[in-house]
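Peer 1: Take a look at the letters that make up each chain.
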Amino acid sequence: MSVSLTLNNVNKTFIKDGEEFHAVSDVNLSVNTGEFLTFLGPSGCGKTTTLRMVAGFEMPTTGSILMGDRDITYMPANERNIGFVFQNYALFPHMKIFDNVAYGLRVRGESKTDIARKVREGLALVGLEKAEERYPNQLSGGEQQRVALARVLVLRPSLLLMDEPLSNLDAKLRIHMRSEIRRIQQELSLTCLYVTHDQKEALTMSDRIMVMNRGRIEQVGTPMEIYADPASAFVADFIGQANLIPGTLVAEEGDIGVFETHGVHVKARLGCQTPPAVGKEALLIVRPENLSFAESDNALPIVVEHCLFEGDRLDYQARLAAEGAADKLEMSVPFLPGTQIHADGTNIKVSFQPHGAVIIAK
Amino acid sequence: MVNSLSQRPRLDPLTRAVVAALWLALGIFVLYPAFRLLWLAFWVEGKFSLANFAPVITNWYDRMALWNSLLLGGAVAVSGTLLGFSFAYAVTRLSLPTWFSMALSAVSMLPLISPPFTSSIALTLSLGPNGILIKLFGLQDFNFYGFWGTFLSETLTFYPVAFMTLTTILSRIDSNLEDAAYSMGASPLRVFRTVTLPLAAPGLANAFLLVFACSLADFATPLVLAGHSFPVLPTQAYLQITGMYDLKGGAALSFMLLVPALIVYGLQYHWLSKKSFVTVSGKAGGRSSVKGPGPVPTALLLAFLTFVAVFILYIYALIFIGSVVRVWGINNTLTFENYKYVFNFGRKAIYDTLIIACVGTPIGGLLSVLVGYATERLKVKGHKTLETVSLLNFALPGTVVGIAYVVAFNSKPLILTGTVTILIASYVFRYDSAGIRNVIAALQQIDPSIEEASASLGASSARTFRKVTLPLVLPAVLAGMRYLFIHSMTAISATIFLVSVRWSLITTRILECMTELQFAQACAFSIVLIILVFIASGFMALLAKLLCRTGNSGGGVR
Chain A
20 MSVSLTLNNV NKTFIKDGEE FHAVSDVNLS VNTGEFLTFL GPSGCGKTTT
70 LRMVAGFEMP TTGSILMGDR DITYMPANER NIGFVFQNYA LFPHMKIFDN
120 VAYGLRVRGE SKTDIARKVR EGLALVGLEK AEERYPNQLS GGEQQRVALA
170 RVLVLRPSLL LMDEPLSNLD AKLRIHMRSE IRRIQQELSL TCLYVTHDQK
220 EALTMSDRIM VMNRGRIEQV GTPMEIYADP ASAFVADFIG QANLIPGTLV
270 AEEGDIGVFE THGVHVKARL GCQTPPAVGK EALLIVRPEN LSFAESDNAL
320 PIVVEHCLFE GDRLDYQARL AAEGAADKLE MSVPFLPGTQ IHADGTNIKV
370 SFQPHGAVII AK
Chain B
86 MVNSLSQRPR LDPLTRAVVA ALWLALGIFV LYPAFRLLWL AFWVEGKFSL
136 ANFAPVITNW YDRMALWNSL LLGGAVAVSG TLLGFSFAYA VTRLSLPTWF
186 SMALSAVSML PLISPPFTSS IALTLSLGPN GILIKLFGLQ DFNFYGFWGT
236 FLSETLTFYP VAFMTLTTIL SRIDSNLEDA AYSMGASPLR VFRTVTLPLA
286 APGLANAFLL VFACSLADFA TPLVLAGHSF PVLPTQAYLQ ITGMYDLKGG
336 AALSFMLLVP ALIVYGLQYH WLSKKSFVTV SGKAGGRSSV KGPGPVPTAL
386 LLAFLTFVAV FILYIYALIF IGSVVRVWGI NNTLTFENYK YVFNFGRKAI
436 YDTLIIACVG TPIGGLLSVL VGYATERLKV KGHKTLETVS LLNFALPGTV
486 VGIAYVVAFN SKPLILTGTV TILIASYVFR YDSAGIRNVI AALQQIDPSI
536 EEASASLGAS SARTFRKVTL PLVLPAVLAG MRYLFIHSMT AISATIFLVS
586 VRWSLITTRI LECMTELQFA QACAFSIVLI ILVFIASGFM ALLAKLLCRT
636 GNSGGGVR
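So the protein sequences, as listed, match chains A and B. If you want our numbering, it's the position in the first sequence, counting the first as 1, plus 19. If you want our numbering, it's the position in the second sequence, counting the first as 1, plus 85.
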């Protein structure tokens with residue numbers, strides 16, 4: 020019963036205090052049946068607005084939204100057969116859990132026995148069989164979240180939409196709920212759109228991630244593609260941590276490029292999303308955990324500025340030690356008792372795997 | 086060190102003196118009159134007796150007054166709550182153009198700051214003898230005095246109370262709840278029935294009780310519109326005292342009014358103390374996407390509300406027109422004679438009213454801060470009682486307070502009748518309730534840690550109060566002072582018993598004009614009063630804006 024979803028050139032402009040605000044610009048996206056797709060981005064990037072347009076709570080200023088082949092752009096929300104899970108759960112505080120979960124089934128006019136059976140199944144699916152007679156304020160945050168999920172799942176929606184559903188939970192519960200939600204979504208093979216600003220959540224749960232910034236799509240891809248092959252400096256920095264070093268691409272050797280910054284030459288993989296051109300300005304993206312003190316040709320000279328002991332790792336803050344360079348570098352090396360620690364002010368070379376780093380056009 | 090939790094910090098001498106002064110003031114102007122009233126009502130010939138109530142029980146006319154009061158209160162509460170809810174729903178839930186919802190709110194605020202006779206006068210001018218609507222529709226033998234006139238006038242006067250209460254409640258309901266229901270397939274009408282309405286129920290009950298209490302205590306409207314066929318308790322008590330000089334009978338009658346008033350107060354307290362469903366949680370989802378109950382009901386509702394709003398504006402227009410014609414409905418030539426009359430023969434009343442309001446308002450502001458701070462922050466011994474006593478005069482119907490003041494201050498040891506003190510005291514101790522409640526609510530919202538921060542930075546408690554607490558509660562204090570000022574200018578029910586030759590009020594002058602059928606002069610007085618209230622209210626709002634520019638940043642306010 021799940022469906023695919025297509026967004027064509029969707030734009031949303033708000034008028035606030037007499038000024039136009041472009042919340043969502045030219046979003047094109049197609050979501051496959053049964054896919055778990057996450058909208059990831061900082062707050063105010065337009066991800067929630069996009070989700071609310073799919074839900075029918077907002078109307079796009081221009082563009083269209085298709086569910087399967089059907090245009091639903093201006094269809095009222097109560098006719099779309101979607102399930103929406105809110106950040107604050109939005110459980111009806113004046114109804115018992117049973118009545119909360121039964122709400123949509125009653126709207127459809129299903130028989131009493133069907134409703135009772137489906138509500139039980141729904142609550143069993145989220146592991147809350149015994150909460151039927153309670154009120155929402157008698158449940159913990161995690162339980163309320165699961166009721167909110169059960170409430171939409173019993174309706175077997177064609178599309179499941181979730182707006183930062185885990186952000187009000189504590190860290191441990193959040194990790195547990197991630198796998199719960201993913202399990203249920205796969206079990207029912209639901210098409211699911213999920214909004215979050217938590218990159219770990221996006222990376223662990225999604226089939227694909229759409230990274231948004233300032234109302235625009237920065238990149239759409241699988242979690243690994245996005246991590247390994249970021250399309251922009253923003254994506255590289257937002258997903259995981261990244262050192263961004265500006266310089267020039269001087270040569271290409273197959274999928275490997277030679278990158279020059281302040282007279283230092285290093286090799287790294289060429290990005291596929293926004294490939295740089297030889298002789299043009301480029302950006303070297305190297306993750307802190309890719310840098311090490313191991314001897315290698317592919318190395319950058321640095322001056323250690325500060326070292327933080329993190330338990331299992333050492334986090335170094337350093338500066339590129341080249342003529343006229345002021346670029347900061349962060350590196351993170353594993354720590355075991357006995358690992359050598361480089362004091363502040365040490366001049367040393369740090370190396371990295373060429374395939375682990377990536378060069379993109381600036 | 087038996088129980089450190091119950092230990093309060095020792096109060097310094099200054100604070101002790103202030104608390105003692107508060108109790109003394111409240112004792113004299115709240116408890117003492119109430120006690121004297123009870124004494125007079127129940128103490129006959131040296132022993133406890135119900136003899137004074139015998140006429141009230143046996144006299145069919147007085148009995149009718151009691152039933153009429155309850156009937157009228159119930160009817161006005163139902164219609165006022167419905168009307169208030171309709172306005173509040175339109176303003177908070179329909180996607181109206183900003184100017185339109187602002188206009189609806191503004192019109193609904195008008196009756197709140199108007200003198201008590203406004204709608205009665207206007208309705209008399211339109212539906213009474215020679216009324217323009219009567220003439221327009223050619224109605225014969227239409228008697229509008231009695232239940233229907235009073236009911237209509239009180240509904241228009243008191244629905245704003247319900248509107249304010251319900252606007253707050255409705256705007257606090259998380260719009261995500263409505264969106265959730267909507268996305269599960271519910272029609273807008275079903276969302277309204279199953280989500281919006283049940284969540285607004287506590288607010289509806291509260292609004293009902295508030296309007297009921299207002300109608301029960303209302304004195305001005307029935308005096309003008311009820312007539313002899315429809316007696317109600319407040320007017321009966323007034324006539325008993327001013328017409329028959331029967332203070333005991335009046336006290337007994339007003340006591341009958343006290344019982345339902347106290348029941349309403351108790352119910353309301355009970356209701357509000359219960360945990361409410363309305364919660365502010367998560368991120369504010371903004372306005373719900375459910376745009377009203379569908380196009381046809383929305384259009385009907387808006388048409389009805391527009392009609393009501395236009396009717397209210399018509400009332401004010403009528404008062405104005407009434408003030409510039411010679412004799413309403415007979416001789417419609419324009420004239421400024423009425424205003425000349427007001428400024429010649431009413432100048433003293435205008436001055437007196439302004440003096441009383443201007444003296445009372447700062448006293449009220451100080452009182453609200455002191456009571457609020459003593460009960461909410463210092464938690465002095467008996468702070469709950471202090472709070473209740475300070476709000477008591479407001480819970481009582483104005484007529485009861487007025488009679489109690491007459492009873493208490495007309496004889497030794499404290500003779501105050503005829504002085505300005507008694508007028509100011511009756512206003513301050515009655516209408517400062519809004520300020521006291523505001524200050525308590527504001528103090529509850531200020532995190533104590535911000536005062537602790539000031540203390541830990543080395544500030545004395547006096548300095549902390551002056552530099553930290555006071556600026557943060559100032560908006561609440563000023564809002565309370567504005568309320569007190571407006572009511573000091575427009576209220577009549579309590580002070581009608583307290584005016585004298587030396588001190589008169591605009592409101593009592595309006596009443597005199599009404600009883601002498603000088604409608605044009607009554608209109609002119611009303612217009613002058615409305616303008617004065619508008620100026621004062623605007624001035625207070627401006628003052629609040631200037632003084633509290635930094636107080637609204639929200640820093641440290643939970």
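Hints in this document: simulated from the structure, not taken from any laboratory. Just so it is clear, CB atoms sit at the ideal spot from N, CA and C, and this is done for glycine as well. Among the hints, a few may not be true.
Output of the computed footprint for chain B on chain A, the stretches with three or more beta carbons under 8 angstroms from beta carbons of chain B [said to hold, decoys possible]:
(1) 73 to 84
(2) 123 to 133
(3) 305 to 311
Peer 1: Quick check: which numbered hints come out false for this structure?
Peer 2: Violated hint (a single one): 3; every other hint is consistent with the structure.
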